[in-house]
Structures are given as C-alpha cells and as structure tokens.
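Chain by chain, the residues run as shown.
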Amino acid sequence: MSGLTPLLVEGLFPNGIAHYALGGLLIGLGTAVIYLGTGIIAGASTFLESTLSYVSDLPRFNKAKYVASRDWRVVFTLSIVAGAALYTVLFGDGWWVSDVQPWRFAVGGVLVGVGTRIGKGCTSGHGVCGVGSRSRTSLVNVATFMLVAIGVAQLLSALGVSP
Amino acid sequence: MLVVIAGGLIFGFGLAVSNMARPEVVLDFLQFDDFGLVFVMGGAAVVTGTVFALAEAFGDRAPLTGRDYGRRLKSFDKNVVVGGVVFGAGWGISGICPGAAYASLGVGNYPILIAIGGMFVGAYLQGLWRARRAESAATGTSAD
Chain L
1 MSGLTPLLVE GLFPNGIAHY ALGGLLIGLG TAVIYLGTGI IAGASTFLES
51 TLSYVSDLPR FNKAKYVASR DWRVVFTLSI VAGAALYTVL FGDGWWVSDV
101 QPWRFAVGGV LVGVGTRIGK GCTSGHGVCG VGSRSRTSLV NVATFMLVAI
151 GVAQLLSALG VSP
Chain G
1001 MLVVIAGGLI FGFGLAVSNM ARPEVVLDFL QFDDFGLVFV MGGAAVVTGT
1051 VFALAEAFGD RAPLTGRDYG RRLKSFDKNV VVGGVVFGAG WGISGICPGA
1101 AYASLGVGNY PILIAIGGMF VGAYLQGLWR ARRAESAATG TSAD
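Sequence order for the protein chains is L and G. Note that my numbering numbers the first sequence so that position 136 is 136, with each residue one more than the last. Counting from 1 along the second sequence, just add 1000 to a position and that's the residue number in my numbering.
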C-alpha cells in the first residue's frame, strides 16, 4: 500500500503537481486582484466581442457593457501576454513554439470563439470564476465542455492525429 | 487601470507557470496522459472562491468602480450546454482556450495567432448569426 501512492502520483502526474498548483493559484490571484479592485469578474473571452465593437457596427458587439469595458479588456489581454512573457524571460527555458498542427488551431479557434459566446464564458469565466462561485450554470458548462473535449481529443489521438 | 494591469500580469504569469500556455499540455490532460490541469483549475477556483466569498461577506463596494461585491451568477438556459459542446469540441481539437491563447503568445508561440484569429472569426460569426436571427424574429426581443 505504501508503494502505491507514489506510483499513482507518478502515473497520473508525470510532470509533478507543484507548478500546476502554483500556476493555478496565481491565475486565481490575478482574477481576485481585479475583482477586489473593480468588482468585475474578468473572463478572458468577452475580450473577443468587446474588441469587435471597434471594427463592427453590429449592435450585438456594441452593447453598452462591451463598449464601456473594451479599453480595459484590451489592456487586460495585453497584460496577460506580458505576464507570460515575463515568466519566460525571468524563469523559463527560452521562447517556446508549439508543434500542434496549424489546422487544429484554425478549426479549434473558430469553434472556441463560437462556443464561448453561445455559452456565455470560457475556461476562465466559467471554469475558474464560476466554479469558484459554485454557480450551477458554470458547473454544467464546465462539465459539458470537459466531457466533449476529452472525447474529441481522444478521438483525434485514436485517429493518429499527433500532435 | 493599474489594477487591471497587475491582475493581467499575474494571470498571464500563472498561465505560463502552469504550462497551460502550451496546447500540448492541455491535450495531454484531455488524453489522460497528465492530470495536472485539475490542479490548475482547482487551485485557481479555490482562490477565486475564497476571495469572492470573503469580499461578499466583509467587503462593501469595490474601491475603483463602486460596484458592490454581490454574486454575479449567469442565468441558465440551453445555450449554456450548446455553447459548452461547441467550446469543448474546439478545445479538444486545439488544446487552447482564450486566456491561455493570449498567454501562449507571451511564451513565444506565434502560431497561436491562427487560433486567436479563429476565435475572433468565431465570435463574429456567432454575433452575425444571432443578429440575423433576431431580425427574422422581428420582435426586437434581446437574444441575451
């Protein structure tokens, strides 16, 4: 029995859990800082719609709440880019480029864009903030996208798509 | 604005620390090769849950905006499930979600611009489709 736990940990978490947990705490902290200062729950995907209001006249993108928040959402997004760059420069092992096939980014990106807007949020809004708030709506959304994503990723893998 | 910058920096830094900025790591989770993502989402949700609850219980209003710290729960309807299915399919194909995509750019992963471009296209198409549908319904009821 005593030998089972480390084996299990190694099997489920071949890269350990420390940096995952630390990263998660920081992601939560970043959201918490903004919430404490502004009372706004900063999800990452609303940026897509609010930024479209700069270039599109569609009323859908020009709702008052998007126009009012679009400037700071751009700043928020650029700060996320900068924060990740800061880590890479200070503690990372150099710039990193993914090997995942471009078509997966293209097709997946479009579906992610459609899906977050239909479902009112993404992994940060529902997954982090919503789950943290014990919102039933968010729990249902997260359970749904988790199951579908696992199915799709496993299917692609079984079809030999890699990476 | 400084609060937003500080929050965004920490948020992006955390995404890089956790390796969620690397689509491969997310795909490893979805393929059951490495369950680390559970700790990322769990760790983040514990922090936000604690802070949201404390702010609601002891805080009054956010100093910068004057907004109160009430719970902001999104209403439930079938779109929450439909959106989850579409989002999940996209996440499973690409291993990337919006916040992690922005952070991915920060770690040097320039091909992620394809995914970010795709997200804008997707959000635009969804808005366009919804606007069309609202027009044909012609009642002027808000779709949201």
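Just so you know, these hints were derived from the structure itself, not from any lab. Owing to the predicted nature of the structure, the values given are computational and were not obtained by experimental measurement. Watch out, some of these pointers could steer you wrong.
[Stated by the list, open to error] Estimated spans, in silico, between C-beta atoms of each pair: (1) G:Asp1033 / L:Arg134: 28 to 36 Å; (2) G:Arg1071 / L:Pro6: 35 to 43 Å; (3) L:Val75 / G:Phe1058: 25 to 33 Å; (4) G:Arg1061 / L:Phe13: 18 to 26 Å.
We put the CB at the ideal spot given by N, CA and C, even for glycine.
Checklist entry - So which of the earlier hints does this model not fit? => result 4
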